[in-house]
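Chains as they are written, first to last, in this note's numbering: chain H, 1 to 386; chain E, 387 to 886.
There may be inaccurate statements among the hints.
Said to hold, decoys possible - The list that follows gives simulated cross-link-like pairs (lysine-lysine, DSS-like), each with its CA atoms no further than 27 angstroms apart:
#1 Lys458(E) x Lys566(E)
#2 Lys763(E) x Lys843(E)
#3 Lys737(E) x Lys506(E)
#4 Lys120(H) x Lys147(H)
#5 Lys698(E) x Lys566(E)
#6 Lys295(H) x Lys763(E)
#7 Lys147(H) x Lys632(E)
#8 Lys807(E) x Lys876(E)
#9 Lys741(E) x Lys506(E)
#10 Lys612(E) x Lys539(E)
#11 Lys612(E) x Lys147(H)
#12 Lys295(H) x Lys843(E)
#13 Lys612(E) x Lys120(H)
#14 Lys295(H) x Lys876(E)
#15 Lys539(E) x Lys642(E)
#16 Lys692(E) x Lys642(E)
#17 Lys449(E) x Lys642(E)
#18 Lys698(E) x Lys680(E)
What the hints assert, rightly or not - Here are a few chain H residues that face chain E, going by a calculated C-beta distance under 10 angstroms:
#19 Gln13
#20 Asp16
#21 Ile19
#22 Ala27
#23 Arg28
#24 Phe35
#25 Pro39
#26 His41
#27 Ala42
#28 Gln74
#29 Pro186
#30 Phe187
Honestly, the hints are just simulated from the structure, not real lab data.
Here the structure is a predicted model, which means the values were calculated and not measured.
For each residue, glycine too, the CB sits at the ideal point set by N, CA and C.
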Amino acid sequence: MIEAAVADSECFQTTDGEIAIINLNSARLRSWSRFYQDPQHAGVAETVLEHEQLTAQFASDLSALGRMEAFGEQLGQLDASSPRTLVIQAQIASALHRFSDARHHLAQASLGGAPYEDVKRILLSVDQACGTNLEEVLDERRRIAAKSGQFEDRVALGALLGDLGEFEHADQTYRQALREYQDVSPFPVAHVCFQLGMLWGELVPEPELARADCWYRKAVASLPCYVRARVHLAEICSATGRAGEAEAMLRPALASGDPEASWRLADVLNAEGRFDEAALHLEAARSGFEALLDKHLLAFADHGAEFYAGSGGDPLRALELAQINLRNRSTLRAFEQTYAIALEAGETDVANEISAKATRRWGNVFAFQFSPFVQDSLETGKGAAA
Amino acid sequence: MSDHIDGPRQIGDPSADLTDLFAFTSPENPARTVLAANVFPTCGVDAIFSNAINHSIVVRRAKVAGIGDATKFETADPEIRFSCRFDGLERGAADGKPIQRGTCTMPDGQTLRFVVGDEKGAATPDGTFRVYAGMRSDPFILAWIFTGGGMRKFQNLLLNDNVLCIVVEFDTLRVLDPGKGSLFAVIAETIPIPRPGGFVGHEPPRMDWVGRPEQTNVRLNNSGLKDVDDLRDLWNQQTPFAIDEKVRPLFLQRLKDSLANYDMRDGRQDWTPTALAANAQMFVDDFMLVDVAKPITDTSHLEIEKSTLNGKAYQTGGGRTVDSNVIDILLTWIVNHDRESLEGGTTKATKPGTKNFPYFATPNLDMQTVAETVELKATPDKVWELIGQFGAAYWHPLIAEIRLTGTGPGQLRTIETIDGKQIIERLDVVDDPSRFYRYANIAGLPVSNYTGMLSVKPNGAGSSVEWRAQFLPNGPGALIAKTIVSTLFKTGLDSLKSRF
Numbered sequence: 001m002i003e004a005a006v007a008d009s010e011c012f013q014t015t016d017g018e019i020a021i022i023n024l025n026s027a028r029l030r031s032w033s034r035f036y037q038d039p040q041h042a043g044v045a046e047t048v049l050e051h052e053q054l055t056a057q058f059a060s061d062l063s064a065l066g067r068m069e070a071f072g073e074q075l076g077q078l079d080a081s082s083p084r085t086l087v088i089q090a091q092i093a094s095a096l097h098r099f100s101d102a103r104h105h106l107a108q109a110s111l112g113g114a115p116y117e118d119v120k121r122i123l124l125s126v127d128q129a130c131g132t133n134l135e136e137v138l139d140e141r142r143r144i145a146a147k148s149g150q151f152e153d154r155v156a157l158g159a160l161l162g163d164l165g166e167f168e169h170a171d172q173t174y175r176q177a178l179r180e181y182q183d184v185s186p187f188p189v190a191h192v193c194f195q196l197g198m199l200w201g202e203l204v205p206e207p208e209l210a211r212a213d214c215w216y217r218k219a220v221a222s223l224p225c226y227v228r229a230r231v232h233l234a235e236i237c238s239a240t241g242r243a244g245e246a247e248a249m250l251r252p253a254l255a256s257g258d259p260e261a262s263w264r265l266a267d268v269l270n271a272e273g274r275f276d277e278a279a280l281h282l283e284a285a286r287s288g289f290e291a292l293l294d295k296h297l298l299a300f301a302d303h304g305a306e307f308y309a310g311s312g313g314d315p316l317r318a319l320e321l322a323q324i325n326l327r328n329r330s331t332l333r334a335f336e337q338t339y340a341i342a343l344e345a346g347e348t349d350v351a352n353e354i355s356a357k358a359t360r361r362w363g364n365v366f367a368f369q370f371s372p373f374v375q376d377s378l379e380t381g382k383g384a385a386a
Numbered sequence: 387m388s389d390h391i392d393g394p395r396q397i398g399d400p401s402a403d404l405t406d407l408f409a410f411t412s413p414e415n416p417a418r419t420v421l422a423a424n425v426f427p428t429c430g431v432d433a434i435f436s437n438a439i440n441h442s443i444v445v446r447r448a449k450v451a452g453i454g455d456a457t458k459f460e461t462a463d464p465e466i467r468f469s470c471r472f473d474g475l476e477r478g479a480a481d482g483k484p485i486q487r488g489t490c491t492m493p494d495g496q497t498l499r500f501v502v503g504d505e506k507g508a509a510t511p512d513g514t515f516r517v518y519a520g521m522r523s524d525p526f527i528l529a530w531i532f533t534g535g536g537m538r539k540f541q542n543l544l545l546n547d548n549v550l551c552i553v554v555e556f557d558t559l560r561v562l563d564p565g566k567g568s569l570f571a572v573i574a575e576t577i578p579i580p581r582p583g584g585f586v587g588h589e590p591p592r593m594d595w596v597g598r599p600e601q602t603n604v605r606l607n608n609s610g611l612k613d614v615d616d617l618r619d620l621w622n623q624q625t626p627f628a629i630d631e632k633v634r635p636l637f638l639q640r641l642k643d644s645l646a647n648y649d650m651r652d653g654r655q656d657w658t659p660t661a662l663a664a665n666a667q668m669f670v671d672d673f674m675l676v677d678v679a680k681p682i683t684d685t686s687h688l689e690i691e692k693s694t695l696n697g698k699a700y701q702t703g704g705g706r707t708v709d710s711n712v713i714d715i716l717l718t719w720i721v722n723h724d725r726e727s728l729e730g731g732t733t734k735a736t737k738p739g740t741k742n743f744p745y746f747a748t749p750n751l752d753m754q755t756v757a758e759t760v761e762l763k764a765t766p767d768k769v770w771e772l773i774g775q776f777g778a779a780y781w782h783p784l785i786a787e788i789r790l791t792g793t794g795p796g797q798l799r800t801i802e803t804i805d806g807k808q809i810i811e812r813l814d815v816v817d818d819p820s821r822f823y824r825y826a827n828i829a830g831l832p833v834s835n836y837t838g839m840l841s842v843k844p845n846g847a848g849s850s851v852e853w854r855a856q857f858l859p860n861g862p863g864a865l866i867a868k869t870i871v872s873t874l875f876k877t878g879l880d881s882l883k884s885r886f
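Could you put together the complete structure from these sequences and hints?
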């Protein structure tokens, strides 16, 4: 009943996405000015980072990652050993998927007297992103969400539940966060809608595309420039025979320079037989991915792997990138991606090795039953039985 | 800060965050009253009002219901409410900037449409009401740093900041009918606009509200109180003029604790326990008092409350003008009970208010950035050896002579350029191991608030030199100022190529 009411509604009580993005950019530029005026002033550096993170995530301005990296260096020049600098550098490293660096900064920050809660909060995110100590992370996330009841804590818990295969719980947690949301910023709303789209479109073993479509659509309605939501929605449109809609969803996203938009548009155009146009967009995607991988290898290794395993047409490059991602964070999803790519590349030995490692690392986790490692062995078993 | 960034929910969408409320007699026409509310602290130069929020300024009749230690101000219905809502964006004309329109609903139900940023504002046909909404320079002065136990003078922390400003001006006699009583209580609030069927959130809560300046960030959230909960978000969700009786004791106790702490910030107790309790009781009823029959000046803020607490009849209209230095007035009152005037590091806002509608100064320009780099084959140490001395920049081909005053951070260098111009700069920070220094321009460039940084970093076997500056253009405009600074940097850095 609740699900139906939620899914039917198209109304939002949030600031128009276009206004929110203009305001974010305006405040972001001002926060840099304030930082340069008085870099040591309390809260100034943290505000710069927050604005750049929001810009990277929601405005699809990938240059924000470069600015974050440079910002970390500038802070280091000002006061390399201060716990505050180290905490911010840890957040930047985490955002760029440099998880060992993040852990190193956090350890140093902790030794330097950084507040325990600040260190713990970032460490939880790093552990979650790396698939490390997930039982402890889950306990902690549950405790924090129950205690604070805050939106962001519920959303982090929802994401973890999704990773652990607790799909219904994840869904409930996300929707509770939405129902209890009391702000007018569209960013958190768009993010949760996107997460719900991912949950029902990609994480569950049998995707419910109509349900995912609905959530992605809400994410785009909240924030029209949300490129990730556009790309995922376009994929569903494309998979369900709505090529025109997919193209219309992707065209506005091209201006962001996100190679994922070019790649998916190339796929749509190829399927429609518009090969010359498709080739142009595919080339833009390839050079875009390579530029990103050159600057932020760890942050984009999994995306690059997916591209090269698909229309990028270079299975070995895909495998190389997937393995880089797997070494950086051995999540179940990273294992699954590398395994699939290894099989696709004809690297059966590598695939078997990954399967064995994944079973050792994740075999006892509930979500493992949905993984291809189990499904493939079931298929093999069935085949043998037949 | 007055009410700037005073709770986690305001931080979510800063355009819902009320920074300040003003109530004063129009400098243009003493028969008219001006009410103004600002939102979106530190908003930059392109900020726009949220279209999901109802911005209201609410006035109620007030009366003095007790004096001295029994001080009480009572307010009564009906409300006199001015509410502004803003539309989504319209595509702009030639300059491509989007246009935003808004609607102000007046207490008598009239609605007035206006264009955001139109300095002339919009007026009702009978001239009773006039409205402006748009970006202005933040007139707030916060020139103190509050540490756990003390206060330190500082530069204005809101220097060059802008805010989004809503100004409502009206005919005092027609709208307030002061013949029935000239004392009024004013608040401003931001409330999400409910939309039937919306699935996000539940019953629309209040985002923020403000009465007297500094209820949240100074009085309720006192950094001198250890291990106490942050009550600001709970406060912001209260209904103005009707604080929930269940939580009122919580706020009252916090105010007593906080005011007692401020009283001792100068190491001297100036408040008796009963006077302090009366002061806390007064502050928990949070609204700005204004008497429209009496003079409202830059120094009359809080005079109504203070006189009443002192057992005397008030003399001024209280309220708050654009140029009122409310922080110093408040601190003087709560720290030493008006024994001696306290002044922060400055008593001037970025720009003073104006005598003409809309009374708030034009927005500040955005900071400009110039950054130039050069890559050199020499090691960073070798390069730093040449360029790392702030007082010895003779390596720069445009510099003819340098005179120095002082040493280390704070050192001044007076540069004579080869074409006879003089530039004065001050070293702020130098870090030789990191090969980095930061400095400020004092004079000689068409800029203000100039911060420059020179650094050398390793780059493979060689090095990379970055010279960066941020400043506000002064005089000739942003493009010319940027060109001058950029030329200075490029010429200097290019000259290094031939040396290494």
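Which numbered conditions among the earlier hints are violated in the structure presented, ordered from lowest to highest?
Structure breaks no hint.
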